[in-house]
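Engineer: Here is how the chains run, residue by residue.
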Amino acid sequence: MITLLQYRVLLPLVTLIALTGTIFILQPRTMSYFGLSLLFSFILPIALATVAQMFVIAVNEIDLSIGAYVSFATVTVVTYLDTDPAIAVGLLLGAIALHTAVGALIQLFQMPSIVITLGMSFFWGGCALMVRPLPGGHAPDWLTAIVKVKTPFVPFPILACVVLALLLHLLLMRSAVGTIFRGTGGNERAIRNAGLSVTGIKSAMFFLSGLFGVLSGVVLAGLIVSADADIASNYTLLSIAAVILGGGLFVGGIVSPTGAVIGAATLTLAASFLSFINVPADWQTGAQGAILIIALALRGITERYEH
Amino acid sequence: MQTDKIRPVLLDLTGVDKSFGQVHALSGVSLSLHQGLCTGLVGHNGAGKSTLINVIAGFLPPSAGDVAFDGVGTLNLLSIDQRSALGIRCVLQELSLCPNLTVAENTQLLHRHLRGRGWRRKAADLIIAKLDDIFPGHGIAPHTELRRLPLGARQMVEIARAFTQTTTEVRLVILDEPTSSLDTQSSAQLLRYVRTFVEGGKNCLFVSHKMDEITSVTDEVVVLKDGRVVHQIETKDTSRAEIVSKMGSIDTDLRGASQKKTFGGKDSDGIALGLPAGPDIPPLSLRPGEVIGLAGLAGDGQTEALKSVLARYKRKCTFVAGDRATDGVFPLWSIKHNTSIGALHSLLSNGIIRSQSEAKLANDWKDKIGIRASGIDADLTSLSGGNQQKVLFARALASASDIVLMDDPTRGVDVGTKREIYQIIEAEAQTGRSFLWYSTEFDELTYCDRVLVFCQGKVAVVLEGAEINEQNVIAFSFGQKVSA
Amino acid sequence: MNTRFSIKSTVGSAPWIWSYAAAAVMALVTITFSRASGGLDLLTASMSFATFFALTGVAQLFVITLGPGNIDLSIPANINLSAAVAMQVMGGSDTMVLIGLLAAMAVGSLVGLGNYLLIALLKIPPIIATLASSFVVQSIAIAYAGGYRVQPPPGLKEFVRAKIGPVPLMALAAILITMCLAVLLHKTPFGRGITALGQNPTAARLANIAVERTRALTYALAATIAAFCGVLLAAFSGGSSLEMGNEYLLSSIAVVVIGGTAITGGRSFLSGVWGASFFLFLLITMLNALGASPGLRLMMMGIIICLVVFLASFRNAGIGQAVFAPLLKASRRPR
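Protein chains in written order, with my numbering: chain W, 26 to 332; chain A, -10 to 473; chain X, 350 to 684.
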């Protein structure tokens, strides 16, 4: 039992399977290639944003700007990538650089990341609005073609999420450098004693967070018809909830990349699930909140059982 | 000594000083460790043992003096990881591992060149081989997260990690109370391993309160007292009793037994303490006006005892923290607010705190116990440690509670302030307040009417009157049985 | 020398002064740029709108004072629900104003207690617990209000628009409430308990402060203030709507921080919330007057929030030292 519980992804996985199973039973038609593509169509950008959040949470910080940041990336792509690719790439790289610098400053000056990233959420929101004051835009056709590609047997979003989870698992959980990243969240002093720079590590994590935030924005751009500056603003809270749902903790360097991706999938599905079981539209947000509470309460119980 | 001439010096400390503010933790420590020996480092609470090993390991820079290592020269400018690369390893009491990483991953943090394909297996093999070596039958899986292991197992991992060797040779391992969370069997295994380790020409600096460990594992013993080396002798030439006596101070019993008042009160007037106690100890109670001291080795259950009394009697008690930063200080508040927090209910009019009464209360106590500050509105953190401590006393004494619990409250306080604090305690006891006073200093225990000596989490003996002396306290805190 | 020291120490112990200074600068700039005779109009408008920023900020401040990690993300949903409840209970009738207000505040306090229970019993971190509860509360609001807008009673509507000279009555009332809350926070054992808890929970427990009760009451109090603000907002904007609270999520945190309160808790300035609220409103007005796009406005707000925190991070040290000390430390750290 203990060895099973060690796999923190187990609980979110069970939640996800239960949700999917119920949907299959209620709507057998979803149990098809097309049905699955529909259910999971927006999972990839959410999963990428969750991963971006996870990198920051892994080092005991939090990023309240990720939603606005992803929105900025999305509107940049739909506005410039087709016509002025140089501007688009420049803006996106600049965004990653600035995000990295924010991480470095947070550590260097011991500033609370919750407020700095809150301020940055206004900043990125403003940038997004300046790039695209009115809804519209158009992603390059090649991008749409990539994110909507029809892969054999398993729909692309699901496939991509599995690959994403595997890659991140290798990077964060299996590689030597991942050990250092997580160790920083666990015991900064131990990392410093090993002769490493905590500022450097935190910057690296914010860099990765910025990179995956941009990826999330790019993928989202390919999925939508038109974008506005608020397109991903709910990703901030969604990503935090998904990381925690996926077995992460706010402190202690305890995160699970696979869990985070599964958490993102669970939250994406929860919405579909609620409409399938005919929860009235009015109550759907509330039921999402309830699912979040139940999942976290369950986790609290299993954690207590462990100790 | 014969052996010294044969064995070259590995580590050489000359005139090492370390002070924290006005407190001198180490003064002029000179010490040479000769290759292939296990050196025992002993001393009573606050003798400077922790500071000394922190200086050697590189966690603290010395205020003065030099630490030199064989073949390298001075270590003073080297960081912890550089010292570790030279073969100086350290196992401190607080865990320096990452609780969220696995046993193997924590090993990699020390051996960072283990990377690339198969590093996890290599790190796992390395640590498991060493665990097998030191603690046969340990049953620790290499890919378990550390926080999921029991405390003893974590300690075993930390110890084993310090002995693991890849590119450079491990030459000196510092062990600070390594057996504190190990069971008897693992402790014995560790001691055996330390012997084989030093017989292979390596060194070990072994810090322990347990005298049987010191006598069985070390080649020589260094006794620290008040930040100085007072005694260094080969283990075979000394005895447990001699070591213990060297730890004590020469001028025992500052006040003398004659001065001690005999305390009247009856048990029935007091409150039951309900402390964990050995079999021969009668139920303990604290009488009005009584000062009871809690003694014994640091961390042997005294603080827990105080907190259990607080939890039991709540508002009847007030607590004076010794670990100021963690347990006492509200760092963003002024002296006034820090003082009044325990007495707010006496300052109310219509539910609102009267500013004048609050200021008066703070000023009165500031004068009464001589807090040296520009005014009561100054930030608490702008004061010296001793004055901060006085504010915590003021907080406790200003409250309406009859019972004052004190958790080694003079920790890191200068001598003058201590004297003042003792006077306050005596004066307050006269007015009928009772004190439960955990102290790590013998002198302070002489101010107590009774002293409870703790050993391994329990009250081992109750000393009264002339029985309260340093010899008794040391003897009982090291586990001596009450003689009939 | 002496006077300089005293000025410095005064400002050091009252960092909220900066928010007023910034607000004053903003007011001057705005008046200059809007080449307006409308100085009084600006005062009226800024006091009215600042009221909503300030009340939500005050609610957030109480929770933030409790210490690291404590935050209330359910304020917007709470505003939406309690405003809807108030408007329905009042039903456009002046006689029901008081009952409607009490109903809204009762709803608010229940939301706050719910937040506390999620945090304390289920051990969910406050940020997630209040987020989840905000989902539930918002749904209840949607289901309850059913999408139609009830007009506020005429008397209430008149009250929120009433002025004494150029000063809105509503703002005066809100300032009065803030003053009472300041007394509660700084001059009662309960308030001292909140502040103590935010600085050092262990020491607070050892000083015999009822930690859990303080926490529960604080979450309830904050939610009650937010509910009260919701009623005013609904009356001011001609009826409750289900999204009217949403813009106060981030601003409630921002005004607390700009007002000099420590985000890590234990050191709070209610007066600063008002200064920051004026500042925030005037900043928006000024950027408008300058013809800044909504995007630029947001961006500027973000930069200013970050700058304020950056400066606050070395409030007690000299600026030069604060900038260079960490850099020096970083370069000196042995490799």
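Hint data in this document are derived by calculation from the structure and do not stem from the laboratory.
Built from N, CA and C at the ideal position, the CB exists for glycine as well.
Take the hints with a grain of salt, since some may be wrong.
[As the list claims (entries may be wrong)] Reference excerpt, derived from the structure (chain W facing chain X, CB under 10 Å, subset only):
hint: 1; residue: S90
hint: 2; residue: G144
hint: 3; residue: M145
hint: 4; residue: W149
hint: 5; residue: A170
hint: 6; residue: V174
hint: 7; residue: F178
hint: 8; residue: G277
hint: 9; residue: A315
Engineer: Run every hint past the structure and note whether it holds.
Structural biologist: Each hint tested on the structure:
{"no.": "1", "hint": "S90", "in the structure": "holds (8 Å)"}
{"no.": "2", "hint": "G144", "in the structure": "holds (3 Å)"}
{"no.": "3", "hint": "M145", "in the structure": "holds (6 Å)"}
{"no.": "4", "hint": "W149", "in the structure": "holds (7 Å)"}
{"no.": "5", "hint": "A170", "in the structure": "violated (30 Å)"}
{"no.": "6", "hint": "V174", "in the structure": "violated (33 Å)"}
{"no.": "7", "hint": "F178", "in the structure": "violated (35 Å)"}
{"no.": "8", "hint": "G277", "in the structure": "violated (12 Å)"}
{"no.": "9", "hint": "A315", "in the structure": "holds (6 Å)"}
Hints 5, 6, 7 and 8 from the list above are not met by this structure, while the remaining hints are.
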